[in-house]
Amino acid sequence: MRQPFHDIALQYDFLNDLLSFGIHRFWKRRLVAMLLKSRPQPRLVLDIATGTGDLAALFSKKVQTTSIIPLDPCSPMMDKGKLRFPHLKNWTVGRAEALPLKSKSVSIASCAFGIRNFSARKLAFQEIARVLEPGGLFGILEIHPIPAKLRYSPFRLFWNSIVPGIGMLFKQRAAYEYLRDTGAGFISSEDMVKELAYAFKLKTHKKLLAGGLVSLMVFERINEPENNDE
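Numbered by my numbering, the letters in the sequence shown go through residues 1 to 230 in order.
Be careful, since some hints might not be right.
Unchecked claim - Once the Cα atoms are required to be at most 30 Å apart in a straight line, the calculated DSSO-like pairs of lysine-lysine come out as:
| no. | residue 1 | residue 2 |
| --- | --- | --- |
| 1 | Lys206 | Lys37 |
| 2 | Lys37 | Lys89 |
| 3 | Lys203 | Lys122 |
Because the hints were derived from the structure by calculation, they are not lab data.
Remember, predicted model here, so these are calculated numbers, not experimental data.
Build out the structure end to end from the sequences listed, making use of the hints.
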């Protein structure tokens, strides 16, 4: 899963702004505000799939005394983030499926537009549940398949034609086809709620764009996860 993000690291922030018309910044601020409203003094914040660290930086503006760990498997992406946000420390190369943290050590975990790239989602959710303290929060922003009622709308044209076209303009067509396809082939937000129900209670679920193309969710860690093999 790493190669597409290695390929687009230098243009990542610019293209995210372009592809979302800048709205992703507002969504991320909203997610941070919701999480900190419930946990105003978190002991440790873990931002998973941090990319260039823009979500971690939003946390750092609000809770200066809190330790923040930006975590991502893509070193070139984080190298760009270190230049953009030099005040952020604790940059960590790592994957959600094997978090390098002690159990019950994290107050808030966040992941913006990264869950669909997890190589083993169930294992990643178990790891996130493991490192969160009881009552800890898990905040998610994610893209889902285009709702059925919008299959023939401008959104379909945008994702099927314009997104790869923008990637081709920047000589990264394959990378942006990957981003398009992972969204189209991902689960619905309702299915994600079901996958997390074994260890998390849903606190907030907002469908932000086109009736569910993007979702914002906040979960609370409630009990020890059951390690049931499929």
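Outcome of the hint check:
Distance check on the hinted pair: Lys206 and Lys37 sit about 16 Å apart at the alpha-carbon level, within 30 Å; holds. Taking the CA atoms of Lys37 and Lys89, the gap is about 24 Å. The hint holds against a cut of 30 Å. Under the criterion of a C-alpha separation no larger than 30 Å, the hint pairing Lys203 with Lys122 is consistent with the structure, at around 20 Å.
When each numbered hint is compared with the structure, no violation occurs for any of them.
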